[in-house]
Amino acid sequence: MLSALLLFAAVLGVILFLASRVRGKRSDTWVGYLYLLPVVLLLAVGLVYPGLRTVYESFFDAQGSAFIGVDNYKTIFTDGDQLSVLGNTIIWVLIVPVVATGIGLVYAILVDKSRFESFAKALIFLPMAISMVAAGVIWKFMYEYRPDQQNVKQIGLINQIIVWLGGKPVQLLITDTAKLNTLLLIVVFIWIQAGFAMTILSAAIKAIPDEIIEAARLDGVSPWSMFVKITLPSVRTTIVVVLTTLAIGTLKVFDVVRTMTGGNFRTSVIANEFYSQLIRADNQGLAAALAVVLFVLVTPIIVYNIRQVRQEA
Amino acid sequence: MFGLRGSSRSRVALAGALSAGLVFSLAACGDDKSDSSGSTDAASAGIDCSVFSQFGDLKGKTVSVYTGIVTPEDTPQKKSYEPFEKCTGVTVKYEGDKSFETQILVRAKAGSPPDIAYVPQPGLLQQLVATGAAKEAPKEVSDNTDKFWGKDWKAYGTVDGKFYAAPLGANVKSLVWYSPKDFKDKGYTVPTTLDDLKALSDKIAATGSKPWCAGIGSGDATGWPVTDWVEDFMLRLSGAETYDKWVKHEIPFNGPESTAAFNAVGEYLKNDKYVNGGLGDVKSVASTTFQDAGLQILEGNCSLHRQASFYAANFPQGTDISENGQIYAFYLPGKDATTKPVLGGGEFVLAFADRPEVKAFQYFLSTDTWANLKAKASSGWVSANKGLKIENLTNPIDVLSAKILQDPNAQFRFDGSDMMPAAVGSNAFWKQATAWIIGQDTTTTVNNIETAWPKK
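Protein chains in written order, with the working numbering: chain A, 1016 to 1328; chain B, 12 to 467.
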């Protein structure tokens, strides 16, 4: 440990020393490249190589010893279990960004300039501070099921409410009719992410120049057309960035699923399935293929995201 | 974008200061080693130090141990090493990690394995040997294993005819937890055959209460308790030889044997009249954690819960776990009263180094001396070591387990899912068994597991 740190310090030292020696007209550029060097090297070793290696391994069998072509991909797109994994991921990525951004936007507008603004914002932002695993555990209790029997008390809030309303307790996380359990997991993720959307969007709303708003007020616009004609267009790029960021986060969702159902009862998603294939099933090839699929799905969103950010800047 | 317009010299100074600060603060974190040598009061009473002289002078040497045994069970472990440390001057560096089973493979493959690992599954043991990093057990350990353990146990530590790992601890899985007090009050008797068990279940069900409580929830590992049920019934209905073939995939997983075992288990776990006391309908078996399920016995909501010996630790502190107390367990009976198949598990001591001090420690762990030291130091631990004196065990469940293991009629078999390839043993079998509990039929279930078996 210590020696690794010393090595790190030594490498840094050498780079800084070399940088201080550079003289001449274009010295700033050279210093820039010199500073980039370790980053580029580390990216190559820590990101590019493993990425290529993963793609390579996705064409091999479980032990990574025999070349099997695209069989792993075939499994992902034909096997019943794997198809349900893909389907769930699509449901997640369609619902989470839209709903979380929607809630965040509406909330940001509602509390904007109200008396309790910071308190109200803190309330919705707090879940962000909770780790996904902890959130999973908390919500597992919310959904907990106990039978409808005399000496048995409900310990899950949702089922207790159902019982109060005169219903029968439901095994919420097991029921996959109409994808109920997947939707309930999505609720947890939205609960965490809405605060993020709200914070960013609220900042964007505050950045709308006061003159525009005042001018609109003088023209006597209704609150609704204020929202549609002034607020929405002004924060459009921010909404896109929030949507795409959330979409990327959603594609990678893992902790919530793993802590709450472990991917059982047809709730698994790609990131979780990738983990369980690698660690539990010891199937390197399929795990690598799943990782590649995840990568392919994320890439266009990232590209779009970067372009939006660039346009804004 | 940060407006870097200062001279390059001041930039250098700043960066240098920052990195130096980073180094020091990280170094401060890295050096904080936990002090594991707690009590000095060694229980070294009467151990023979001379046996270690054959390994030479070991003073000042260190042996690192990596295991999945974590608090609180690690305290008696460390304590039982003290006599060895005192005798030889070797320091045992103990590292417990909950994610041992995945990390040990990573470490072995990456070339930084510990000296000794306690491997809880023969399947994992084979994977570790396949990495080429493991060392064969020294002759002294092999001799001890011949002397103190049955042939079946030695075979589990053997890979491709070479003996690698001696057994350490053991647990008995073929147990049914019940309340002796409740049984006495209601006039039930402990069953001695499978038919008796069925009759007892029917008798309890006839009173209007659910006889069994079961839970297979275990987070990521949900489903494994069903595999134990299936293995127990496989062993009972088809016999140990067939069981061995089944584990090695010499007979198909969707053959009549496993179908029969699943169906027999289904008569209990998928029977609305039998489950799930205090927890709901059959489906609640899937949503209840295995830790929670058995506690229903204390609530009086069910009478029987099938789970391994380690389940004793799940009952709240102060629960009277003894033959005539609130909670106790009985041996899950065989087909008739004379056959005694036992399903169980255990850990094996695998070495990745063959330095003398490592060998000496391996030797120490394989003796009856250590087994008895450990027995005195702990509660909730048992070994199949024949030199283990039952009177040294304090916990009634340990005594029961040791008696079951040492019964001359006992036919011990290791947990099957732990020996099958990971794609089956820790993935398809768990997943499909969970799907089976919530409604999937037996034929689909066994077919799906058969398909998951890796093709050779």
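Simulated from the structure, these hints should not be mistaken for lab results. Being a predicted model, the structure only gives us computed values, none of them experimental. Please note that the accuracy of each hint is not assured.
Said to hold, decoys possible - Calculated lysine-lysine pairs in the DSBU-like style (CA-CA distance at most 30 Å, straight line): (1) B/Lys294 with A/Lys1194; (2) B/Lys256 with B/Lys162; (3) B/Lys400 with B/Lys150; (4) A/Lys1168 with B/Lys294; (5) A/Lys1168 with B/Lys400.
What the hints assert, rightly or not - With the C-beta cut set under 10 Å, the calculated list includes, among others, these residues of chain A facing chain B: (6) Phe1082; (7) Ser1133; (8) Ser1146; (9) Glu1159; (10) Pro1162; (11) Val1167; (12) Gln1175; (13) Ile1176; (14) Pro1184; (15) Thr1190; (16) Ser1291.
For glycine and all other residues, C-beta sits at the position ideal for the given N, C-alpha and C.
Closest C-beta approach of proline 1184 of chain A to chain B relative to 10 Å, hint status: Since the shortest Cβ distance to chain B is 8 Å, the answer is holds.
Threonine 1190 of chain A as an interface hint toward chain B, with CB separation required under 10 Å: Holds - the Cβ of threonine 1190 of chain A comes within 10 Å of chain B, reaching about 9 Å at its closest.
Hint status (Cβ of proline 1162 of chain A to nearest Cβ of chain B, threshold 10 Å): Constraint on proline 1162 of chain A satisfied, holds at 4 Å.
Restraint satisfaction for glutamate 1159 of chain A [CB to CB of chain B, less than 10 Å]: 8 Å, holds
Proposed interface contact between glutamine 1175 of chain A and chain B, which counts if any beta carbon pair is under 10 Å: Since chain B brings no Cβ nearer than about 15 Å to glutamine 1175 of chain A, farther than 10 Å, the hint is violated.
Restraint satisfaction for isoleucine 1176 of chain A [CB to CB of chain B, less than 10 Å]: 18 Å, violated
Satisfaction of hint between lysine 150 of chain B and lysine 400 of chain B, Cα-Cα up to 30 Å: OK: lysine 400 of chain B and lysine 150 of chain B at ~25 Å, within 30 Å.
Hint status (Cβ of serine 1146 of chain A to nearest Cβ of chain B, threshold 10 Å): Since chain B brings no Cβ nearer than about 16 Å to serine 1146 of chain A, farther than 10 Å, the hint is violated.
Supplied contact hint for serine 1133 of chain A, tested at 10 Å Cβ to chain B: Since chain B brings no Cβ nearer than about 29 Å to serine 1133 of chain A, farther than 10 Å, the hint is violated.
Restraint satisfaction for valine 1167 of chain A [CB to CB of chain B, less than 10 Å]: 6 Å, holds
Distance restraint between lysine 1168 of chain A and lysine 400 of chain B, which requires alpha-carbon spacing of 30 Å or less: Between lysine 1168 of chain A and lysine 400 of chain B the Cα gap is close to 45 Å, so the pair fails against 30 Å, i.e. violated.
Pair hint outcome, lysine 1168 of chain A versus lysine 294 of chain B [Cα-Cα no greater than 30 Å]: 18 Å, holds
Violated hints for the displayed structure, listed by number in ascending order: 5, 6, 7, 8, 12 and 13.
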